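Given the structure of chain A, go ahead and fit chain B onto it with the hints provided.
Protein sequences appear in the order of chains A and B. Numbers 1 to 453, taken from the working numbering, label the letters of the first sequence in order. Numbers 1 to 453, taken from the working numbering, label the letters of the second sequence in order.
Hints are computed from structural coordinates only; laboratory data are not their basis. Source: prediction; values computed, not measured. A portion of the hints provided could be inaccurate.
One copy or two, it doesn't matter: identical chains are merged, so the pair holds either way.
What the hints assert, rightly or not - Once the Cα atoms are required to be at most 30 angstroms apart in a straight line, the calculated DSS-like pairs of lysine-lysine come out as:
hint : residue 1 : residue 2
1    : Lys18     : Lys70
2    : Lys224    : Lys51
3    : Lys51     : Lys115
4    : Lys12     : Lys420
There are 2 protein chains.
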Amino acid sequence: MKTMEAAELTEKISNCLKEGNIEGVKEVLLSSHATEIATIFHSLDPADRPKLLSSLDTETASKIILELEKGQRQEILSGLDPEYIANIVNEMDSDDAADLISELPEDEARVVLAKMPPEVVKDVVTLLRYPKDSAGGIMQAELVQVTNDSTVRDTINWIRLIADEVEDFYEIYVTDITDKLLGMVSLKKLVLANPLIQVGDIMEQVPVKVTPYVDQEEVANIFKKYDVVSMPVVDDEGRLLGRITADDVIDVITEEASEDIYRFAGVQEYIHPIYTPILTKVRLRIPWILLTLFGELLIAVVIVHTFKPTLERIAILAAFMPAIMATGGNVGLQTTTIVVRGLGMGTINIAQLFQLIFSEIKEGFFLGVICGVVAAIIGGVISMNEPEFIKLAFAIFVSMISAITATSFIGAAAPLVLYKLKFDPAAASGPFLTMFNDIFGSVVYLFIAMLIF
Amino acid sequence: MKTMEAAELTEKISNCLKEGNIEGVKEVLLSSHATEIATIFHSLDPADRPKLLSSLDTETASKIILELEKGQRQEILSGLDPEYIANIVNEMDSDDAADLISELPEDEARVVLAKMPPEVVKDVVTLLRYPKDSAGGIMQAELVQVTNDSTVRDTINWIRLIADEVEDFYEIYVTDITDKLLGMVSLKKLVLANPLIQVGDIMEQVPVKVTPYVDQEEVANIFKKYDVVSMPVVDDEGRLLGRITADDVIDVITEEASEDIYRFAGVQEYIHPIYTPILTKVRLRIPWILLTLFGELLIAVVIVHTFKPTLERIAILAAFMPAIMATGGNVGLQTTTIVVRGLGMGTINIAQLFQLIFSEIKEGFFLGVICGVVAAIIGGVISMNEPEFIKLAFAIFVSMISAITATSFIGAAAPLVLYKLKFDPAAASGPFLTMFNDIFGSVVYLFIAMLIF
Numbered sequence: 001m002k003t004m005e006a007a008e009l010t011e012k013i014s015n016c017l018k019e020g021n022i023e024g025v026k027e028v029l030l031s032s033h034a035t036e037i038a039t040i041f042h043s044l045d046p047a048d049r050p051k052l053l054s055s056l057d058t059e060t061a062s063k064i065i066l067e068l069e070k071g072q073r074q075e076i077l078s079g080l081d082p083e084y085i086a087n088i089v090n091e092m093d094s095d096d097a098a099d100l101i102s103e104l105p106e107d108e109a110r111v112v113l114a115k116m117p118p119e120v121v122k123d124v125v126t127l128l129r130y131p132k133d134s135a136g137g138i139m140q141a142e143l144v145q146v147t148n149d150s151t152v153r154d155t156i157n158w159i160r161l162i163a164d165e166v167e168d169f170y171e172i173y174v175t176d177i178t179d180k181l182l183g184m185v186s187l188k189k190l191v192l193a194n195p196l197i198q199v200g201d202i203m204e205q206v207p208v209k210v211t212p213y214v215d216q217e218e219v220a221n222i223f224k225k226y227d228v229v230s231m232p233v234v235d236d237e238g239r240l241l242g243r244i245t246a247d248d249v250i251d252v253i254t255e256e257a258s259e260d261i262y263r264f265a266g267v268q269e270y271i272h273p274i275y276t277p278i279l280t281k282v283r284l285r286i287p288w289i290l291l292t293l294f295g296e297l298l299i300a301v302v303i304v305h306t307f308k309p310t311l312e313r314i315a316i317l318a319a320f321m322p323a324i325m326a327t328g329g330n331v332g333l334q335t336t337t338i339v340v341r342g343l344g345m346g347t348i349n350i351a352q353l354f355q356l357i358f359s360e361i362k363e364g365f366f367l368g369v370i371c372g373v374v375a376a377i378i379g380g381v382i383s384m385n386e387p388e389f390i391k392l393a394f395a396i397f398v399s400m401i402s403a404i405t406a407t408s409f410i411g412a413a414a415p416l417v418l419y420k421l422k423f424d425p426a427a428a429s430g431p432f433l434t435m436f437n438d439i440f441g442s443v444v445y446l447f448i449a450m451l452i453f
Numbered sequence: 001m002k003t004m005e006a007a008e009l010t011e012k013i014s015n016c017l018k019e020g021n022i023e024g025v026k027e028v029l030l031s032s033h034a035t036e037i038a039t040i041f042h043s044l045d046p047a048d049r050p051k052l053l054s055s056l057d058t059e060t061a062s063k064i065i066l067e068l069e070k071g072q073r074q075e076i077l078s079g080l081d082p083e084y085i086a087n088i089v090n091e092m093d094s095d096d097a098a099d100l101i102s103e104l105p106e107d108e109a110r111v112v113l114a115k116m117p118p119e120v121v122k123d124v125v126t127l128l129r130y131p132k133d134s135a136g137g138i139m140q141a142e143l144v145q146v147t148n149d150s151t152v153r154d155t156i157n158w159i160r161l162i163a164d165e166v167e168d169f170y171e172i173y174v175t176d177i178t179d180k181l182l183g184m185v186s187l188k189k190l191v192l193a194n195p196l197i198q199v200g201d202i203m204e205q206v207p208v209k210v211t212p213y214v215d216q217e218e219v220a221n222i223f224k225k226y227d228v229v230s231m232p233v234v235d236d237e238g239r240l241l242g243r244i245t246a247d248d249v250i251d252v253i254t255e256e257a258s259e260d261i262y263r264f265a266g267v268q269e270y271i272h273p274i275y276t277p278i279l280t281k282v283r284l285r286i287p288w289i290l291l292t293l294f295g296e297l298l299i300a301v302v303i304v305h306t307f308k309p310t311l312e313r314i315a316i317l318a319a320f321m322p323a324i325m326a327t328g329g330n331v332g333l334q335t336t337t338i339v340v341r342g343l344g345m346g347t348i349n350i351a352q353l354f355q356l357i358f359s360e361i362k363e364g365f366f367l368g369v370i371c372g373v374v375a376a377i378i379g380g381v382i383s384m385n386e387p388e389f390i391k392l393a394f395a396i397f398v399s400m401i402s403a404i405t406a407t408s409f410i411g412a413a414a415p416l417v418l419y420k421l422k423f424d425p426a427a428a429s430g431p432f433l434t435m436f437n438d439i440f441g442s443v444v445y446l447f448i449a450m451l452i453f
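Only chain A is shown next, with the shape it has when bound in the complex (with noise of 0.2 angstroms):
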């Protein structure tokens, strides 16, 4: 449906763009939701795409920046005026403006900093101090704050006069003076207490908070078990900084599990099968490749200069190499993604590293001796018509229990170790497991191959 609406419109507008016709332009978005728009954007002619944009309301223009991909709002950014981008940055939350401005290039962000207004400017530059993927990195600096001897009235007033700046809030922050976080008191609760009582005697404990420097995947793994739609982001002091809401958690959950997902495949970054550049697209695609070719042909030249006698008398020992590594490499990709999606969602505990990865050993000794009794009998059977066929099942077995229990120890330990050691445990899995079982699955069938026979 919503794909079939948004072909209809980009055919009108691009009709209405060749024609001059701007109000026409101007009529078919004002009907549309900034998501449908930037829907339409993504399928319009680039060169159309500064024309739609000026034909727009600085707001709406800023909600479509936002839904862009990275590169497209880069491509626009960089064709537009410093002021325009200002004018565009002062409609966003600062959270928002505070990720677009460290997306532009210095010079050009220092530019359209001085060309906003200063008490925005400082928001902004709070925020730019913290990582971007931080708590402080993903918090707004817009929240409603009143101090602790407030009436509900007095509250309520405050909330008229900011209501235009702070868009979505669910709840009242309290603090003293300071600035430090007493508790919260919920919109609900307000609308039904006494005006004339203070939100200190109505307050509650606020569930959870975090300091700035939490990482972003923390941060979701507290929302998900705390089942809130928003936190608090306090100093070490408990001075209140900031709030983080469920809808930027639900864009870290979506960025991190593509993240996972992209480095099991030894993909970089998000690629669109279709509107990236297909020399970007090699780009991206062609480091983890050809390191697992380099990896792979390192076997080559093993067998080439250990096991070539091996293979020369005994070839059918080709045959079940395939068998071999790419039964470990399931293993091993198993024992990773269980792991480092432990290790992700927080169900799995740092602290019980040697109980996991002997626990994981054990499993993959156990599934290597059910696959090596099935190899061993079905190539056993195979090559029934060989002299040596039951000495080539013996090899099929020893190796298959090996590699499995090989893949296991390394699929287990290495993410452990990579996160131990504050890497991405992500790191350590698909293209670099692969290589890894497959040099040291084949090895060993031939080495003990070359043993037997």
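Just chain B, lined up with the frame of chain A:
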């Protein structure tokens, strides 16, 4: 920090339970949040768990039950009296209650429902009608609804009446007397409004709504696009049925991302590496592993029956099989990941099916040529002492291009076709792809080699 605390608390509680000191247990638990208690629960001796639960009030117990993993929850519930379960379920929002009841054996569910207040049962039974992973399955019936002719004062009085039942809400839905949704009033607006005005006069349009059979992944995408924290669910006639809140959507996104990731890795569902019994773990992991193993043993059959003479003559051919299989596998995995994730996030449009597949084939060919050249050169150098190393390099070159182009095609086409047929596109990834790719890669390589030599 948090895990340290949990470990300490667990020890304290274990000691109290050993001494039969229930008051001590309560004292420790009263100072902790339900989430922490669930963590403690996790690390307790299974025999102590029912004791702990029964020492708590039903509200806390209901929160803990919801925080547990499904397997653990079912274990606990099976040991509890239906009347106690009914009390616990009564404390939950209708969506959580429906989820929990759907996890119970049918006869037990009926007993529990019979012990619950009829008005709650009505809501729960309505929710049970919708698939668990649809908008209707994740919505809750608790919301604040008033007719358009109510004044602001009426609305506030109504909120006062139902404040206990509807815990968190951020807007009031405005309907006509047939429950048809007309608009909404944010709590912020309600706080600021004249008490005598009718809500119909201050209501805004609902930015977005869904019907109950929309898939939960689509619901999550709508939340992401529109940056809302709650959304109404209406039937085909526009009558208000319930609402979905951001915290439910956060759970959906996490669940869907996990599902995608597990499917990539050939794991059927979340497995906790330490708490899941080893036989369960093996049972959940072995199907894909054995499937891959059988697929790979097919390669062995083909090699033994068709390519043995070629391999006997040129044993060194085996040395390059891993490189061709692994590189093709990597490229295919990248392609599927990009396509599956794009479909999941709604950035790929199925109407562009052929354009997409063609674009991936083109890119695969491009990557294939790069890898083919690199592998042929290195392969040639490695095997320079062989009499026919030029032919070998040529075989590597041609089969690298064929394998990578073919896996790019399958990697893009398989998930798209599954999606079009309304199956889960992620099922095309991981083990299935590895298998296809290994079989295709090795057979093409040996076939080309057989032709050349």
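Hints and how they fare:
no., hint, result
1, Lys18 with Lys70, "within (27 angstroms within a copy, 57 angstroms between copies)"
2, Lys224 with Lys51, "between (42 angstroms within a copy, 27 angstroms between copies)"
3, Lys51 with Lys115, "within (23 angstroms within a copy, 64 angstroms between copies)"
4, Lys12 with Lys420, "between (55 angstroms within a copy, 28 angstroms between copies)"
Taken one by one, the earlier hints all hold for this structure without exception.
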